[in-house]
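Novice: Each chain, letter by letter, is given below.
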Amino acid sequence: MISIWFFIGISLLVNGVLIFFAGLYEVWHPPAPEAQVQLFSLHASVWWGALMTVIGAVYCYHFKPGQKKA
Amino acid sequence: MTIPYAFVVPARLVHLSAVDVAIVVFYFALVLAIGFYLRGRANTGEDFFMAGREMTAWVAGLSFLSANLGALELMGWAGSAYQYGILATHWYWIGAIPAMLFLALVMMPFYYISKTHSVPGYLKLRFGEPARAVSAVSFAFMTVLMSGVNMFAMAKVMQIVLGWDINFSIWVSSLTVAVYVTLGGLRSAIFNEVLQFFLIWAGALLIPILGLYEAGGWSNLKLQIAQRASDQYVHLWSGLGSFSNNPMGINWAGIVFGLAAVISMGYWTTDFLVVQRILAAKDIRSAELAPIIGAGFKMFVPLIVILPGLIGLAVLPMKLVPESVAAVTGAHSYNDVLPLMLARYCGPGLLGLGITALIAGFMSGMAGNVSAFTTVWTYDIYRPLINSKGTDHHYVNMGRWTTVIGVLISVGTAYLVMQFASIMDYVQALFSFFIAPLFGTVILGMLWKRATGPGGFLGLLCGTLSSIGMWAWVKADPTALRYVALSPHAKALAQDMYQALWSFLVCIIVTVVVSLATKPRPDAELTGLVYGLTAVPSVGTIPLYEKPVFWAGVVGVVFFVLNIIFW
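The listed protein sequences correspond, in order, to chains C and R.
Using our numbering, the first residue of the first sequence is number 6, and each one after it goes up by one.
Using our numbering, the first residue of the second sequence is number 108, and each one after it goes up by one.
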């Protein structure tokens, strides 16, 4: 049976990748100043997306189907 | 009188980009995929209604917490934090942690070893059929109504935040829940609740991080709140000496005796919506550890709920207003604070994740309601009262059909609320009537062997009726609040606390008096149901750090320290 943690890994990984690249796009093509969110200069999407990607990848690897884990 | 569901709809708060929509769509695809994957594992009653009783402590614990962490809960309490300050944290700390630890160490062994399918099922074993019937019928009725009320409220939020059509929100979310719960039963609901737990934290944790950065740290945030509101907005206990000294209009006795000792104990230990998750644990140790794990995480939920409300109070340029004022003026209400903070800090991608967290919270709450309703209907109403000779396969089919019907009744309720907005207030009030007396009945049943069937039944009935009576009294004559809550300065929340306290006491007194006047059950019949007559199963010979009582102690110490820090 596929572990619930694997599904969570998939969710974090896919969302993390999407957010990371959306953030990178905004780094290269920043929106007009009036359309920017507060603290835009911190580029939260990039590091938050990267963090989610790493955690998701670890979960996917560790709980991949076929492992004997809950 | 027909009241339109919104007088003035303000312009939508946010616009989703393509990547945001992709994240939302991916969430729907994933929960449906989980439902289809688990459809082959819900063929027996034990699988469909109890998830096979094979959940680990972590899965059961996170699901237990998640079933309570709905989207309206998140937005409502963030709004309360904006309105009342840090006092709202009491509903997460003293209004939850002691009750969760009590459930783990005292009550769970009885639920678990009785092998009951539900809380009404325990009442049947302890007090007989009448007590079960009152509890089961009221719970089933209120659960689907509450689900409908929440569905409408969430669809309205999606309309305000995203501009989505209200019918679209209701039907897409409810049909998705119907599909995955019908296919996979409780296991599917639990899996999706754990997924939701992670999405909520991933989607909401950035707000306090960025908010504290913008405010200049906790010390500067407190200064800004003191300037814009009052110093009492950042103290948990120091303003609770009297009703008039804090923004909530309540005193310490209402919080300690009403909220902590009755309402929270009632909700966390007898509301089947949350207890069902723990009953699905694989063994007694997991069943005891699960609420402790839930309590550990519950202590930190204020980070993503209360703190954003406080930060909003300090940094948002506009002043938020009560819902009633917002409906007339089109201004933003207190309940909009979380979406407003989301829009303030989250760009493309992060915004989609935040919105997904809200949708996931709503759907998981609805799945919790529907799965609990299905179990109580099938095992506590249909089987004992309508058809007691069905096969296991028959009851599973009944469960699947009940899931669909429960969702449809919820949808119907949502449309009813759309036409008659005042129904929402009545339904929410109705739900609170049953919690406190039910806790009185269950706790006396577990701890006092002399409690009898007639005592339990009449105590539950009188406690519930007294609660309804007090509510109707204040509704008819608002000045009566000074008698119910013991102060002319008391506000609405104080009424809830004291109403619960009095109805609990009525239940206890009636149960004791009637029990002493009726014939007790023989001790042999109460084995496994009452303390003192039951050998509570041991968790086995394991190291100290693996014992539930050790972790309950750790959670208790952290809870105590947090209250001192924010005194």
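Hints were generated in silico from the structure; no laboratory data involved.
Backbone N, C-alpha and C define an ideal beta-carbon position, used for all residues, glycine too.
One or more hints might be untrue.
Okay, derived cross-link-like pairs now, SDA-like style, lysine to any residue, Cα gap no bigger than 20 Å in a straight line [claimed, not checked]:
#1 Lys389/R x Ile7/C
#2 Lys222/R x Lys389/R
#3 Lys69/C x Lys222/R
Chain R is faced by these chain C residues, among others (derived, beta-carbon under 10 Å) [as the list claims (entries may be wrong)]:
#4 Trp10
#5 Val59
#6 Val63
#7 Gly71
Novice: Which numbered hints are broken by the structure, listed smallest first?
Specialist: 3, 5, 6 and 7
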